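Chain Y is already provided as a structure; the job is to place chains F and X on it using the hints.
Residues per chain are reported as follows:
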Amino acid sequence: MDILNAFVAFANFVLVPGLTYGSQLALGALGITLIFGVLRFSNFAHGDTMAFGTAFVILFTWWFQSMGISDGFLPTALLALPFGIAVTIAMVLGTDRVVYRFYRRQRAKPIILVIVSAGVMFVMNGLVRMIIGTSEKNFSDGSRFLLDPKVFRDATGLAEPLAIKTTQAVTVVVAILCVAALFWFLQKTRTGKSMRAYADNEDLALLSGINPDRVVMVTWIIAGTLACIAGTLYGLDKSFRVFVYFGLMLPIFAAAIVGGLGSPLGAIVGGYVIAFSELLVTSAWRKIAGYILPDGWLGDGLYQALSTDYKVAVSFVILIVVLLVRPQGIFGGK
Amino acid sequence: MAEPFLIGDGMTGGYGTVDILHNCTISVEKGQIAVIVGPNGAGKSTAMKAVFGMLKLRGGAVRLDGEDITTLTPQARVRKGMGFVPQTHNIFTTMTVEENLEMGAFIRTDTGIAGTMEQVYDLFPILKQKRYQPAGELSGGQRQQVAVGRALMTQPKVLMLDEPTAGVSPIVMDELFDRIIEIARTGISILMVEQNARQALEIADKGYVLVQGANRFTDTGKALMADPEVRRSFLGG
Amino acid sequence: MTRNLSLFAGLALLFILTGMLQSWNLSLNILNLALLSAIMAIGVNIQWGYAGLFSTGIVGSVALGGLAVGLVSAPRVPEGWAAGGPRILGALIFGALAVALAIWIYRRLPKGRVRLLAVSLFLVVAFFIYRAILDPAVVAVEANNPAQAGHIGGLGLNSLLAWPVGALMAAGAAWIIGKIALGLREDYLAIATLGIAEIIVAVMRNEDWLDRGVKNLIDLPRPWPVPYEVNMQTHPDYVDFVTRAGFDAITFSTIFVKLLYAAMFGLVLLALIWLCERALNSPWGRMVRAIRDNEVSAAAMGKDVKWRHLQIFMIGSAVVGLAGAMMTSMEGQITPGSYLPLRFTFLIWVMVIVGGSGNNWGAVLGGMLIGWLYLAVEFLGPQMMEQITRGLPPGDLKSHLLDSAAHMRLLTLGVVLLVVLRFAPKGLIPEK
Chain Y
622 MDILNAFVAF ANFVLVPGLT YGSQLALGAL GITLIFGVLR FSNFAHGDTM AFGTAFVILF
682 TWWFQSMGIS DGFLPTALLA LPFGIAVTIA MVLGTDRVVY RFYRRQRAKP IILVIVSAGV
742 MFVMNGLVRM IIGTSEKNFS DGSRFLLDPK VFRDATGLAE PLAIKTTQAV TVVVAILCVA
802 ALFWFLQKTR TGKSMRAYAD NEDLALLSGI NPDRVVMVTW IIAGTLACIA GTLYGLDKSF
862 RVFVYFGLML PIFAAAIVGG LGSPLGAIVG GYVIAFSELL VTSAWRKIAG YILPDGWLGD
922 GLYQALSTDY KVAVSFVILI VVLLVRPQGI FGGK
Chain F
115 MAEPFLIGDG MTGGYGTVDI LHNCTISVEK GQIAVIVGPN GAGKSTAMKA VFGMLKLRGG
175 AVRLDGEDIT TLTPQARVRK GMGFVPQTHN IFTTMTVEEN LEMGAFIRTD TGIAGTMEQV
235 YDLFPILKQK RYQPAGELSG GQRQQVAVGR ALMTQPKVLM LDEPTAGVSP IVMDELFDRI
295 IEIARTGISI LMVEQNARQA LEIADKGYVL VQGANRFTDT GKALMADPEV RRSFLGG
Chain X
976 MTRNLSLFAG LALLFILTGM LQSWNLSLNI LNLALLSAIM AIGVNIQWGY AGLFSTGIVG
1036 SVALGGLAVG LVSAPRVPEG WAAGGPRILG ALIFGALAVA LAIWIYRRLP KGRVRLLAVS
1096 LFLVVAFFIY RAILDPAVVA VEANNPAQAG HIGGLGLNSL LAWPVGALMA AGAAWIIGKI
1156 ALGLREDYLA IATLGIAEII VAVMRNEDWL DRGVKNLIDL PRPWPVPYEV NMQTHPDYVD
1216 FVTRAGFDAI TFSTIFVKLL YAAMFGLVLL ALIWLCERAL NSPWGRMVRA IRDNEVSAAA
1276 MGKDVKWRHL QIFMIGSAVV GLAGAMMTSM EGQITPGSYL PLRFTFLIWV MVIVGGSGNN
1336 WGAVLGGMLI GWLYLAVEFL GPQMMEQITR GLPPGDLKSH LLDSAAHMRL LTLGVVLLVV
1396 LRFAPKGLIP EK
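Protein chains in written order, with this note's numbering: chain Y, 622 to 955; chain F, 115 to 351; chain X, 976 to 1407.
Extracted from the complex, chain Y is given alone in its bound form:
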């Protein structure tokens, strides 16, 4: 029994990556849930909006790097982020003006908007491919580790190393800042409250003199910002490939639905639920089991419930269970 080493191994393989991935999913799911709450449809283009924003962050990062601008041990992408966000916001607002507004004025059925958003997804996906190509892009620079595994091992004398990558720390910190800012905005500001009011009861909001165009615009700005940040953090942490972002759609939707579509708090909880479930089910527990089980008990086997190729199945199963047991989600509204 070696609890300490087991815990460090757990932190290294599950806890830290789970917090990171969960933060990325939560930011993505927040965008989905806000759009669902205010515009009342499931935005299939959200994954590709994330890819679109990230593509521009990468372009700005390259540009900064070519000019020799960096921000020390942090990734240059953080400097490029505001510019990427600006482009993303311009894109989503343009899309709303050219595409979605027409259907909103018509009061089209939500499913029509879902199909329309699939068309937007095509366009964005094509644009990203044309702009930056389909190959894998690494754009993380700065120092690699916040907590170097070697330093950790030397300092603690434990057999197991614990590594915290800079990108992981950046992800969690940025996510916390974003969520705090978003909740402050929704709970404390007049505009934020009017957004909640509009999501809660559209007719009454109109009757109270809340301007729907403004609410919709603010929603897109926030969703675009969150999408760009989520996509960039994911890309920094892993790498950027456009079809991977399409694949992120399922876990993100699962997170939003698990938490309850329309509930921001639910989206965050859902993000971590999905991330940790994926890791718990697809991690190899052999190393951790080795520290806990008595000597000689450890057989050969990876102690892995599902191969990592079936990550998508984990989100899916959770999604299905929620749909069956509690379709309105954990913090379910309507």
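Hints were generated in silico from the structure; no laboratory data involved. In this text the structure is predicted, and so the values were computed from the model without any measurement. Each hint should be verified, as a subset may be incorrect.
[What the hints assert, rightly or not] Listed next, the in silico DSS-like pairs over lysine-lysine satisfying Cα-Cα at most 30 angstroms (straight line):
| hint | chain 1 | residue 1 | chain 2 | residue 2 |
| --- | --- | --- | --- | --- |
| 1 | X | Lys1401 | X | Lys1281 |
| 2 | X | Lys1373 | Y | Lys730 |
| 3 | Y | Lys859 | X | Lys1190 |
| 4 | F | Lys144 | F | Lys336 |
| 5 | Y | Lys809 | F | Lys242 |
| 6 | Y | Lys758 | X | Lys1373 |
| 7 | Y | Lys730 | X | Lys1401 |
For chains F and X alone, coordinates are given in the frame of chain Y:
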């Protein structure tokens, strides 16, 4: 005779091609209570919505304080001093009581919002107790109070209520009517549609009995209550 | 009517022009894939156009159809099967029984936390038993000649038989997902189907024992009666015929094979249209449309909306599965990496919407037109970009633009979809 404070004059119109209202006139004087009653499908709520601009009129006009507001949107009428409490979905269920009131005052840009909120809390003390609770968690009667309070936040000159007592118990209904009288005493005109005709006419300065979208009887509440024909046909004897 | 005829005539012209200006082999290739797309579009149209069900898992049905071809028509691998086939089958049966039992327990226990916990616990235990049965068998099967086999092999039957099997498999998957997601908000069906399709494709990519995964299952036999070009070219009767007619022996054999496929696919397509038209104009079809147009009142009139939806969802998926099987049958190989949702889910959607949802002929027109466009852009895009960039000096910009032409089609299709939805939401051939 002087023009009433708010009047829907000879209103004709409906939702589609079929007219629901036929030359229907509804009016209310300053600080008075006007009640619209009538059988199901008589167009009571439709008449109220027409006055509030939620229905396109083919004929007639709506005037507020002598000004023609027939072409204004409901939102613009709110700015002109009309408050409207819909029959259902009349509160923000996921928001706290206080936030509901704040949203009611959304169009106001002055600094007196806190004062108005205190007035609403004075009128409905229970709401002050529950100010930080989500409105969706309140009882039916309390929700109606939130709904009325929300509409009062714009400091309207006219308050329009669409069946405010639908689905609440008789005790709560009496309580609500008391509050409505209190509101009228502050100088606000009340126009309401009521299913509970007898109780509503008792507090009404003026009553309108609509049948098939047209005025059938119009008189003071007391006179209508005393009218044997009204009693027989609309008040159940 | 004349309008529709001229639309189809225009479509025919596209294929003729492709044949004359590029090559007939290419034109027929596109035609065959376009015919398959048209069948898939009919399947989707059954779901969306008839019943208003929005599924984003079409690629899953296509993939299951392909898998059916692998299981039915691939040559047997007796050593592989002997190494662990029965045990794998046993594991799968155990898994199915465990799930059935879990559902039974779920229904028997009273609602609440205890039930959830009990069923979860049961499923977790069952899962590990299932893995204990399955894993050794999988290892044994995959150890058998991994370079050429490593899978359980097929039944070695005619590929034609795999077509209905593919349809059945797709219908089975649709039954499962429909049971879960139909009756909820329509977006949930879209997301759930997206998920099941990704899982189906993930299974086909990773389970080497089943279809060799990303190593691809190649050299699947052709369906009866399609001959191999090599065999044709050496057949005396054929040689005799070609020399008398004055054709090139090799070119004509390839064209003949493609024509044969086109005839088979065309026959299936016509049969499906005939069935669909009959169904749509029967009392059943009227009821289905009544449900689509007003679910609440149809339910009030005593129609079993949920069961009808499930029925239609399965039928539509089966048609797509059939097309998927036909496609794999023609291509002679299973390449799980090629089952991309953009290609087989969203593209089919574009076809249905452009063609005209609710109308079978519309779906066919959309399927073939967009099918042609999708494949033709592959050679037209770069050619066009070549023309556009002619004036540019060689350099980064020019090469970037030339590269980007390859990605043009997603953008084009997205724009086509949005434009049609906005300006002609009923499509080219609207519902009657």
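Do the hints match the structure? See the list:
Taking the CA atoms of Lys1401/X and Lys1281/X, the gap is near 26 angstroms; set against the 30 angstroms cutoff, the hint holds. With a CA separation close to 44 angstroms, the supplied pair Lys1373/X and Lys730/Y exceeds the 30 angstroms bound. For the suggested pair Lys859/Y and Lys1190/X, the alpha carbons sit about 26 angstroms apart, so the restraint of at most 30 angstroms is met. Restraint check for Lys144/F and Lys336/F: the C-alpha separation of about 19 angstroms stays at or below 30 angstroms, so the hint holds.
At most 30 angstroms may separate the alpha-carbon atoms for a hinted pair to count; Lys809/Y and Lys242/F meet this at roughly 19 angstroms. As the CA atoms of Lys758/Y and Lys1373/X are separated by approximately 21 angstroms, the hinted pair is consistent with the 30 angstroms bound. Between Lys730/Y and Lys1401/X, the direct Cα distance comes to roughly 15 angstroms. Compliance with the 30 angstroms bound is thereby established for this hinted pair.
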